[in-house]
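S.K.: Based on the hints, put chain B in the right spot on chain A.
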Amino acid sequence: MMGTLEAGPVQLAPVAQTETDIGAAAHAARRRRATWLWIARIVLPVIVIGGWQLSTATGVVDKFFFGQPTAVWTALVELFTKGTAFGSIWSNLWVTIKEAILGFGLGTVAGVVLGLLLGQNRFLSEVCSPYIKALNSVPRIILGSIFVVAFGLGTFPKVLLAAVLVFFIVFFNAFQGVREVDQNLIANVRVLGASPLQVARHVTVPSALSWIIASLHTAFGFAIIGALVGEVLGSQAGIGLIITQAQGHFDPNTVFACMVLMAVVTLAAEYLLTMLEKRVLSWRPPNKSEAQAI
Amino acid sequence: MAGKQQNSATAAPRPSPSTTPARIELTGLTKRYITPTGEAFTAIQDVTFTVEPGQFCAIVGPTGCGKSTTLGQVSGLERASGGSVKVGGQLVNGVTTGVSFMFQADALFPWKTVLGNVMIGPTLNGSSKAEAVSLAQDWLRRVGLAGFEDRYPHQLSGGMRKRVAMAAALINEPKILLMDEPFGALDVQTKAIMQTELLGLWEQLRPSVLFITHDLDEAVALADRVLIMTSSPGTIKESFDIDLPRPRGEVQEIRHEKRFLELQNQIWASLKDEVERAYARTVSAA
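Chains A and B supply the protein sequences, listed in that same order.
Numbered by this note's numbering, the letters in the first sequence go through residues 1357 to 1650 in order.
Numbered by this note's numbering, the letters in the second sequence go through residues 1236 to 1521 in order.
Just chain A, same shape as in the assembly:
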């Protein structure tokens, strides 16, 4: 304590506002906000799922058509303990995941290769652009029917359908990524003597990469949709088949249970893709990816 200061006749600020005090206050405010955030996050699904449970239990909503949260849980447990009519849930889950991953891989490779190619070649892109636009406006999910008819009930038609859905998302992003390349950078490496291949390796591909990786999040969701729809249209195994069968038996609870399962799979894939993104795009300024937090 400094006696000379305290002896002064006027003391304007009774609260000592040191930097540590302000820091502690800000810290406490942040903690309070985090607590409320989590409380709200927990309350929200409790209201939604609890409301669903309540309204079906009281008969306001018919649980025969709309299912019931507790029954969905029972169906989920049964899927794992009793298995399904088509073998264990694990083997069916693996079938669907395999189809989605293969379709995802195929669609991504095709989308990236074609996107980079057309993005760099003006003539080629002008030749192809009306056809790509036309194909993109086709409701591609219908292609699933043709694939099932043409290629049977096996894995391949589902992979193909997933790949078609994935392709367009990745393609447009890769294409745009190449188009957004900083022309100064290209001029720079060209005067330094870069060959067209070196321009691609050092400038075009890395620049397009952030666009491509951003598109993969959406693309994986579409790969799952492709695999499931393919299975619903006709298959001998997979989550889509379980869904169709449950639909036939008027069993909404099993359908919801399958939805939950696939959501978990997609979330896991999302997590892996985010890890990949963080690794590959570690150079990016942190504020840029904040928008993707949601």
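Source of the hints: derived by calculation from the structure; they are not laboratory data.
Some clues are possibly wrong.
[What the hints assert, rightly or not] Here are the simulated BS3-like pairs of lysine-lysine, each with C-alpha atoms no more than 30 Å apart in a straight line:
1) LYS1634/A to LYS1364/B
2) LYS1321/B to LYS1472/B
3) LYS1493/B to LYS1507/B
4) LYS1347/B to LYS1634/A
5) LYS1438/A to LYS1454/A
6) LYS1419/A to LYS1438/A
[To be verified] Far from chain A, some chain B residues (derived; all Cβ distances over 10 Å):
7) TYR1268
8) GLN1325
9) ALA1365
[Said to hold, decoys possible] Which stretches of chain B does chain A cover? Using the computed rule of at least three CB atoms under 8 Å from a CB of chain A, they are:
10) 1327-1336
11) 1344-1352
Heads up, the beta-carbon is just placed ideally off N, CA and C, and yes, glycines get one too.
M.R.: Here is chain B on its own, set in the frame of chain A:
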């Protein structure tokens, strides 16, 4: 686009850039573009001047007078519609060898570290990785960025990014340095520091420099010769020799010298008309 960037496929295997500076000769250089509406637009017309080997030549002119177009021709990235460019006695046909660019925007690879950005020159030249790394580290030390090798461009200040760009442009010891308003986006203090550093590095390497700027003070402080360009179509109006002694030292201090102010006044008298004319045109067009 009229005949643009089709020459890379025909580029011969590149000899390693010689460190001897080269004479740049422009003779009757004309460049026309086809605008999106299909009209021809003459960006520069009959531009003739010579930059002696090792000379620092600045081009000053109003906005949109074709200064950047002229640079594009010298680099060989764009093709002339008429006239010729010779570098070191050789006609430019395809990308000129031994040239480095510096732009107003940093033109750094955002996904490469500072070291990776500076290494790109020797890497493209075919140097081994170890060579490239040690050379890049040496250059980072020369521009005062030792210890920042692992940072990414977005983690640096504007001035530091300019230093990286400068190291990346000079690491291959180019015979020609083309600079398109390199310090245009910097604040006044940083600009002065970077100008002084550029002069220091240029005096060590002595490449021929073609330096484009709006800033007359900058042109007079740095250059051996200042060319005034008129607008639409761009032509060279006048040429001034700057006889300030070298080495010039601190750029901030040259500005107060008597000879600097004389030259600056002289050139401004010539430039003023052009600037006013260009401005009047933009006002009437708006």
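S.K.: Would you mind marking each hint as holding or not holding in the structure?
M.R.: Tested hints:
1. A C-alpha spacing of about 26 Å is found between LYS1634/A and LYS1364/B, which places the hinted pair at or below 30 Å, so the restraint holds.
2. Distance hint between LYS1321/B and LYS1472/B is fulfilled; the C-alpha atoms sit about 21 Å from each other, no more than 30 Å.
3. Taking the CA atoms of LYS1493/B and LYS1507/B, the gap is about 21 Å. The hint holds against a cut of 30 Å.
4. Under the criterion of a C-alpha separation no larger than 30 Å, the hint pairing LYS1347/B with LYS1634/A is consistent with the structure, at around 15 Å.
5. For the proposed pair LYS1438/A and LYS1454/A, the alpha carbon gap of about 23 Å is at most 30 Å, so the pair holds.
6. Our distance criterion of 30 Å between C-alpha atoms is met by LYS1419/A and LYS1438/A, whose separation comes to about 23 Å.
7. For TYR1268/B, the requirement that its beta carbon stay farther than 10 Å from each beta carbon of chain A is met, with the minimum near 15 Å.
8. No beta-carbon of chain A is positioned within 10 Å of the beta-carbon of GLN1325/B; the least distance is around 16 Å.
9. For ALA1365/B, the shortest C-beta to C-beta distance to chain A comes to about 19 Å, beyond the 10 Å cut-off, and the non-interface label holds.
10. Here's how the stretch 1327-1336 of chain B fares: 6 of its residues keep a CB closer than 8 Å to some CB of chain A, so the rule of at least three is met and the hint holds.
11. With 5 residues carrying a beta carbon less than 8 Å from a beta carbon of chain A, the stretch 1344-1352 of chain B meets the three-residue requirement, and the given coverage holds.
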